[in-house]
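Assemble the complex: chain B is given as a structure, and chain G must be docked to it using the hints.
Read top to bottom, the protein sequences are chains B and G.
Read in our numbering, the first sequence has 30 at position 30, and its numbers run on one by one without any break.
Read in our numbering, the second sequence has 277 at position 277, and its numbers run on one by one without any break.
Derived from the structure by calculation, the hints contain no laboratory data.
Hints may be right or wrong, so weigh each one.
To be verified - Heads up, simulated DSS-like pairs for lysine-lysine below, C-alpha to C-alpha not over 27 Å straight-line:
{"id": "1", "chain 1": "B", "residue 1": "K56", "chain 2": "G", "residue 2": "K229"}
{"id": "2", "chain 1": "B", "residue 1": "K47", "chain 2": "B", "residue 2": "K5"}
{"id": "3", "chain 1": "B", "residue 1": "K189", "chain 2": "B", "residue 2": "K158"}
{"id": "4", "chain 1": "B", "residue 1": "K20", "chain 2": "B", "residue 2": "K54"}
{"id": "5", "chain 1": "B", "residue 1": "K79", "chain 2": "G", "residue 2": "K189"}
{"id": "6", "chain 1": "G", "residue 1": "K189", "chain 2": "B", "residue 2": "K158"}
{"id": "7", "chain 1": "G", "residue 1": "K93", "chain 2": "G", "residue 2": "K20"}
{"id": "8", "chain 1": "G", "residue 1": "K185", "chain 2": "B", "residue 2": "K79"}
{"id": "9", "chain 1": "B", "residue 1": "K189", "chain 2": "G", "residue 2": "K189"}
{"id": "10", "chain 1": "B", "residue 1": "K229", "chain 2": "G", "residue 2": "K56"}
{"id": "11", "chain 1": "G", "residue 1": "K93", "chain 2": "G", "residue 2": "K79"}
{"id": "12", "chain 1": "B", "residue 1": "K93", "chain 2": "B", "residue 2": "K47"}
{"id": "13", "chain 1": "B", "residue 1": "K79", "chain 2": "B", "residue 2": "K54"}
{"id": "14", "chain 1": "B", "residue 1": "K5", "chain 2": "B", "residue 2": "K158"}
{"id": "15", "chain 1": "G", "residue 1": "K114", "chain 2": "B", "residue 2": "K189"}
{"id": "16", "chain 1": "B", "residue 1": "K79", "chain 2": "G", "residue 2": "K231"}
{"id": "17", "chain 1": "G", "residue 1": "K79", "chain 2": "B", "residue 2": "K189"}
{"id": "18", "chain 1": "G", "residue 1": "K5", "chain 2": "G", "residue 2": "K54"}
{"id": "19", "chain 1": "G", "residue 1": "K79", "chain 2": "G", "residue 2": "K114"}
{"id": "20", "chain 1": "B", "residue 1": "K158", "chain 2": "B", "residue 2": "K185"}
{"id": "21", "chain 1": "G", "residue 1": "K20", "chain 2": "G", "residue 2": "K5"}
{"id": "22", "chain 1": "G", "residue 1": "K185", "chain 2": "G", "residue 2": "K158"}
{"id": "23", "chain 1": "G", "residue 1": "K231", "chain 2": "B", "residue 2": "K56"}
{"id": "24", "chain 1": "G", "residue 1": "K47", "chain 2": "G", "residue 2": "K65"}
{"id": "25", "chain 1": "B", "residue 1": "K231", "chain 2": "G", "residue 2": "K185"}
{"id": "26", "chain 1": "G", "residue 1": "K65", "chain 2": "G", "residue 2": "K20"}
{"id": "27", "chain 1": "B", "residue 1": "K20", "chain 2": "B", "residue 2": "K56"}
{"id": "28", "chain 1": "G", "residue 1": "K47", "chain 2": "B", "residue 2": "K114"}
{"id": "29", "chain 1": "G", "residue 1": "K114", "chain 2": "G", "residue 2": "K93"}
{"id": "30", "chain 1": "B", "residue 1": "K185", "chain 2": "G", "residue 2": "K79"}
{"id": "31", "chain 1": "G", "residue 1": "K114", "chain 2": "G", "residue 2": "K158"}
{"id": "32", "chain 1": "B", "residue 1": "K20", "chain 2": "B", "residue 2": "K65"}
{"id": "33", "chain 1": "B", "residue 1": "K231", "chain 2": "G", "residue 2": "K79"}
{"id": "34", "chain 1": "B", "residue 1": "K79", "chain 2": "B", "residue 2": "K93"}
{"id": "35", "chain 1": "B", "residue 1": "K158", "chain 2": "B", "residue 2": "K114"}
{"id": "36", "chain 1": "B", "residue 1": "K189", "chain 2": "G", "residue 2": "K158"}
{"id": "37", "chain 1": "B", "residue 1": "K65", "chain 2": "B", "residue 2": "K93"}
Stated by the list, open to error - Cβ-Cβ distance ranges computed for the label pairs, FRET-style:
{"id": "38", "chain 1": "B", "residue 1": "K185", "chain 2": "G", "residue 2": "T31", "range": "20 to 30 Å"}
{"id": "39", "chain 1": "G", "residue 1": "E264", "chain 2": "B", "residue 2": "P121", "range": "39 to 49 Å"}
{"id": "40", "chain 1": "B", "residue 1": "S282", "chain 2": "G", "residue 2": "T3", "range": "30 to 40 Å"}
All C-beta atoms, glycine included, are put in the ideal place defined by N, C-alpha and C.
Number of protein chains: 2
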Amino acid sequence: MTTIKSFSQLTDHLSLMASKPKVAVVCPYDTDTCEAVFEALADGLIKAVLVGEKGKIDATHIAAKFPDSVEIVDAASDKDAAATAVALAREGKADILMKGLIGTDTLLHAVLDKQNGILPPGNLLTHITVSEIPGLDRLIFYSDVAVIPYPTLEQREKILMLDAEVLRRFGIENPKVALIHFTEKVNPKFPNSVDYQTMVGRAQAGEYGRVTVGGPMDVKTAFDLHSAKVKGITSPVAGHADLLLFPNIESANTFYKTMSYFVEVEMAGALLGTSVPVVLPSRADSASNKYFSLALASMISAR
Amino acid sequence: MTTIKSFSQLTDHLSLMASKPKVAVVCPYDTDTCEAVFEALADGLIKAVLVGEKGKIDATHIAAKFPDSVEIVDAASDKDAAATAVALAREGKADILMKGLIGTDTLLHAVLDKQNGILPPGNLLTHITVSEIPGLDRLIFYSDVAVIPYPTLEQREKILMLDAEVLRRFGIENPKVALIHFTEKVNPKFPNSVDYQTMVGRAQAGEYGRVTVGGPMDVKTAFDLHSAKVKGITSPVAGHADLLLFPNIESANTFYKTMSYFVEVEMAGALLGTSVPVVLPSRADSASNKYFSLALASMISAR
Chain B
1 MTTIKSFSQL TDHLSLMASK PKVAVVCPYD TDTCEAVFEA LADGLIKAVL VGEKGKIDAT
61 HIAAKFPDSV EIVDAASDKD AAATAVALAR EGKADILMKG LIGTDTLLHA VLDKQNGILP
121 PGNLLTHITV SEIPGLDRLI FYSDVAVIPY PTLEQREKIL MLDAEVLRRF GIENPKVALI
181 HFTEKVNPKF PNSVDYQTMV GRAQAGEYGR VTVGGPMDVK TAFDLHSAKV KGITSPVAGH
241 ADLLLFPNIE SANTFYKTMS YFVEVEMAGA LLGTSVPVVL PSRADSASNK YFSLALASMI
301 SAR
Chain G
1 MTTIKSFSQL TDHLSLMASK PKVAVVCPYD TDTCEAVFEA LADGLIKAVL VGEKGKIDAT
61 HIAAKFPDSV EIVDAASDKD AAATAVALAR EGKADILMKG LIGTDTLLHA VLDKQNGILP
121 PGNLLTHITV SEIPGLDRLI FYSDVAVIPY PTLEQREKIL MLDAEVLRRF GIENPKVALI
181 HFTEKVNPKF PNSVDYQTMV GRAQAGEYGR VTVGGPMDVK TAFDLHSAKV KGITSPVAGH
241 ADLLLFPNIE SANTFYKTMS YFVEVEMAGA LLGTSVPVVL PSRADSASNK YFSLALASMI
301 SAR
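Here chain B stands alone, though its shape is the one from the complex (with noise of 0.2 Å):
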């Protein structure tokens, strides 16, 4: 396939696929998430199923827009919809789920539940974002801005599988990717770059399938080449990075809302790890983020 380069290239890409993914959404009572549906639907990227209590959901403005494409599902409170909306994932009526106007954790519970959840036993729950940064020639991903605040080595590996399987996805055949730190030296006295060493090393050995993989390198570096080559760095992922991988939640949210407050970039994210990808906007995301958010995760739900 093509790869897609932006997220104009991505809603382009799927509004012409014959099959479109189904989205459940868990209540859907605020302005921002029914926009985003509403947008969605209206560029032929998805179907959806709201899921809520029906004197909450505006339902006769977005069914009656889409009758082929909206169904509603009842649902007696947040839990309920919740609960609801994961069976559904469950027994394949849904191919995404996004959160509405309900408490992460009341979604989360549900998803995470042993008996009924839908993260299946031995898998990791993480999350990853994705950036239309001006001035690139690529989207840019990178992990975990949301749920695993600390990786540890098994984590951080399981990160990159899951991570680099998403840019496949997007036609990135060989993604690099970028072992974020705050040198490029490797020293015992920061665990994260020996893990990094490690990670290298193994990726070079064909451990992790068809990924370039390089660092400990700082944000710069991944981008700037001229950075590299002051630094000594040969790595082919500097200047060149795809995916970043950061080494705490601290640093990752620290790009994340450095880029989306001061480079006012286009951002979208999703949970992977789930038998479907979860949209889980926070509360400060905009309405286009939520938008490109259901197209990362139909992107990743394609079959």
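Relative to chain B, chain G alone:
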């Protein structure tokens, strides 16, 4: 005094000061360092002592142009140059140290030497960065991108006090300090957030003097009132931060590198805690970063 809100205001202010600080430049052999020192001399910000091997210093050029404000001190080696420059600082013959083309370790070894160094016992060595960010009406200071990787509560407090003193030099009488985290929630699982709660309490009790401390909050909230509002954060620091204290070096470095690459902001940095400020640029820093770092250090050392 007037609050200094931009780098041009800073250099204007310094150029008008009657007494110029004397900068001991250690191994001024590279173009960027020489260019920065040359420009600071030309703009009347500093005097300079060039410390290094005479054959390697392009002395004729600089000394001939500024006969009254440049001295040259010969040194036999990098190590000797570092020790000589530190001795000048100890003896009150240099007000600022600046690293040229010499290993950071070699210079820091002399700076931190128990017998002959310039870090008074009990003082914390830390690093402050200041950025001029397009669109903001003030300079933004932050720590620590370079020295203290994972500060303890006590170290955070010392960093806060040292940094706040720098901001006061810039005329910011009551600095607004954002304690950066990935969420605004205080949670015992995240010790940073617990430290922050303690610090906000102690700041309110007046233990840090005249500063306003808020957090935990994320980077965006520190600048964006809308984001704070959505999250229900009412701290007077939200949207108005002057100083960001990052939880660890990975997040501080991520902010620094992201701003430097994607926002192309002007940056300056210096080491604090020593008896004179030390300008310690990294290899990838530009000549203008080095120039403004000299200006920052001059402001810190001004009497």
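Now for the hints, and whether the structure bears them out:
| no. | hint | verdict |
| --- | --- | --- |
| 1 | B:K56 - G:K229 | holds, 24 Å |
| 2 | B:K47 - B:K5 | holds, 24 Å |
| 3 | B:K189 - B:K158 | holds, 24 Å |
| 4 | B:K20 - B:K54 | holds, 24 Å |
| 5 | B:K79 - G:K189 | holds, 25 Å |
| 6 | G:K189 - B:K158 | holds, 23 Å |
| 7 | G:K93 - G:K20 | holds, 12 Å |
| 8 | G:K185 - B:K79 | holds, 23 Å |
| 9 | B:K189 - G:K189 | holds, 23 Å |
| 10 | B:K229 - G:K56 | holds, 24 Å |
| 11 | G:K93 - G:K79 | holds, 19 Å |
| 12 | B:K93 - B:K47 | holds, 11 Å |
| 13 | B:K79 - B:K54 | holds, 14 Å |
| 14 | B:K5 - B:K158 | holds, 25 Å |
| 15 | G:K114 - B:K189 | holds, 23 Å |
| 16 | B:K79 - G:K231 | holds, 22 Å |
| 17 | G:K79 - B:K189 | holds, 25 Å |
| 18 | G:K5 - G:K54 | violated, 39 Å |
| 19 | G:K79 - G:K114 | holds, 16 Å |
| 20 | B:K158 - B:K185 | holds, 24 Å |
| 21 | G:K20 - G:K5 | holds, 21 Å |
| 22 | G:K185 - G:K158 | holds, 24 Å |
| 23 | G:K231 - B:K56 | holds, 23 Å |
| 24 | G:K47 - G:K65 | holds, 12 Å |
| 25 | B:K231 - G:K185 | violated, 38 Å |
| 26 | G:K65 - G:K20 | holds, 17 Å |
| 27 | B:K20 - B:K56 | holds, 26 Å |
| 28 | G:K47 - B:K114 | violated, 70 Å |
| 29 | G:K114 - G:K93 | holds, 20 Å |
| 30 | B:K185 - G:K79 | holds, 23 Å |
| 31 | G:K114 - G:K158 | holds, 20 Å |
| 32 | B:K20 - B:K65 | holds, 17 Å |
| 33 | B:K231 - G:K79 | holds, 22 Å |
| 34 | B:K79 - B:K93 | holds, 19 Å |
| 35 | B:K158 - B:K114 | holds, 20 Å |
| 36 | B:K189 - G:K158 | holds, 23 Å |
| 37 | B:K65 - B:K93 | holds, 22 Å |
| 38 | B:K185 - G:T31: 20 to 30 Å | holds, 25 Å |
| 39 | G:E264 - B:P121: 39 to 49 Å | holds, 47 Å |
| 40 | B:S282 - G:T3: 30 to 40 Å | holds, 34 Å |
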